[in-house]
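With the hints as extra help, turn the sequences into a complete structure.
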Amino acid sequence: KAGVTQTPRYLIKTRGQQVTLSCSPISGHRSVSWYQQTPGQGLQFLFEYFSETQRNKGNFPGRFSGRQFSNSRSEMNVSTLELGDSALYLCASSPSPGRSSYEQYFGPGTRLTVT
Amino acid sequence: AQSVTQLGSHVSVSEGALVLLRCNYSSSVPPYLFWYVQYPNQGLQLLLKYTTGATLVKGINGFEAEFKKSETSFHLTKPSAHMSDAAEYFCAVSEKWDYKLSFGAGTTVTVRA
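Chains as they are written, first to last, in the numbering used here: chain B, 1 to 115; chain L, 1 to 113.
FYI, nobody ran anything at the bench for these hints, they're computed from the structure. Predicted model, so just to flag it, every value in this text is computed and none were measured. Misleading hints may appear alongside valid ones.
Coverage of chain B stretches by chain L, computed from C-beta distances (three or more under 8 Å per stretch; other residues unrestricted) [as the list claims (entries may be wrong)]:
1. 26-40
2. 49-59
Derived Cβ-Cβ restraints for the label pairs, each shown as a range [what the hints assert, rightly or not]:
3. B/A2 with L/L56: 30 to 40 Å
4. B/E82 with L/S80: 40 to 50 Å
5. B/G16 with L/G62: 40 to 50 Å
6. B/S79 with L/A105: 27 to 37 Å
7. B/Q17 with L/A113: 43 to 53 Å
Where a beta carbon is used, it is the ideal one built from N, C-alpha and C, also for glycine.
See the structure below:
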């Protein structure tokens, strides 16, 4: 099976702009989670989607949003970018509950740089 | 809320020596526990996990970890380090039936020839 794919891999944006990142989960996986990784804050949970519904959300401002489509693909959006949003954004997918013991498989990430 | 503490942000070992990475968690009930590895410019790769059952868990690349409830620990070991083990390692926990992972700060492993 193909792994989790994320596009684009690298992105440079200017303060105040918005950005959309895309994630395609492993085939058959229905849960998609997003994480932000920075040198200062480490790995932090953003949100998790299952069957097009957000089930859990981390402690991030409303500028961070996401959605999931019927084919389980997910996007996250960051509006009004700030310099502090520069980070590696990681997407992870998991099989359906009861089949996985809740393990998550990560994509390679999207490196976002805000200038 | 879950929290994870990884003792030591950097560990240096000689090739062939034991690798020991420490992880402690805070939780009122035993959570699900995971170790991930991250190579430069890559995502996270799952090394092993503990959910229920046997407390000694074997993972990929010769790594294993032992869940000790009394010590709220989940330390990662590998008997003999290889140069390819140089990477950053993250311990993570989630509450049962939850997909939200809480990560430790990470431990960078360097392997000396």
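Hint-by-hint comparison with the structure:
Only residues whose C-beta sits within less than 8 Å of a C-beta in chain L count toward coverage, and the stretch 26-40 of chain B has 3 of them, enough to reach three; the restraint holds. With 4 residues having a Cβ less than 8 Å from any Cβ of chain L, the stretch 49-59 of chain B passes the three-residue criterion, so the hint holds. For the pair B/A2 and L/L56, the supplied restraint of 30 to 40 Å holds, since their beta-carbon distance comes to about 32 Å. Checked against the hint of 40 to 50 Å, the C-beta distance between B/E82 and L/S80 comes to roughly 46 Å, which is consistent with it.
For B/G16 and L/G62, the hinted distance range of 40 to 50 Å is satisfied, since their beta carbons lie about 48 Å from each other. For the pair B/S79 and L/A105, the beta carbons lie near 29 Å from each other, so the given range of 27 to 37 Å is met. For the pair B/Q17 and L/A113, the supplied restraint of 43 to 53 Å holds, since their beta-carbon distance comes to about 46 Å.
In summary, the structure agrees with every hint in the numbered list given earlier.
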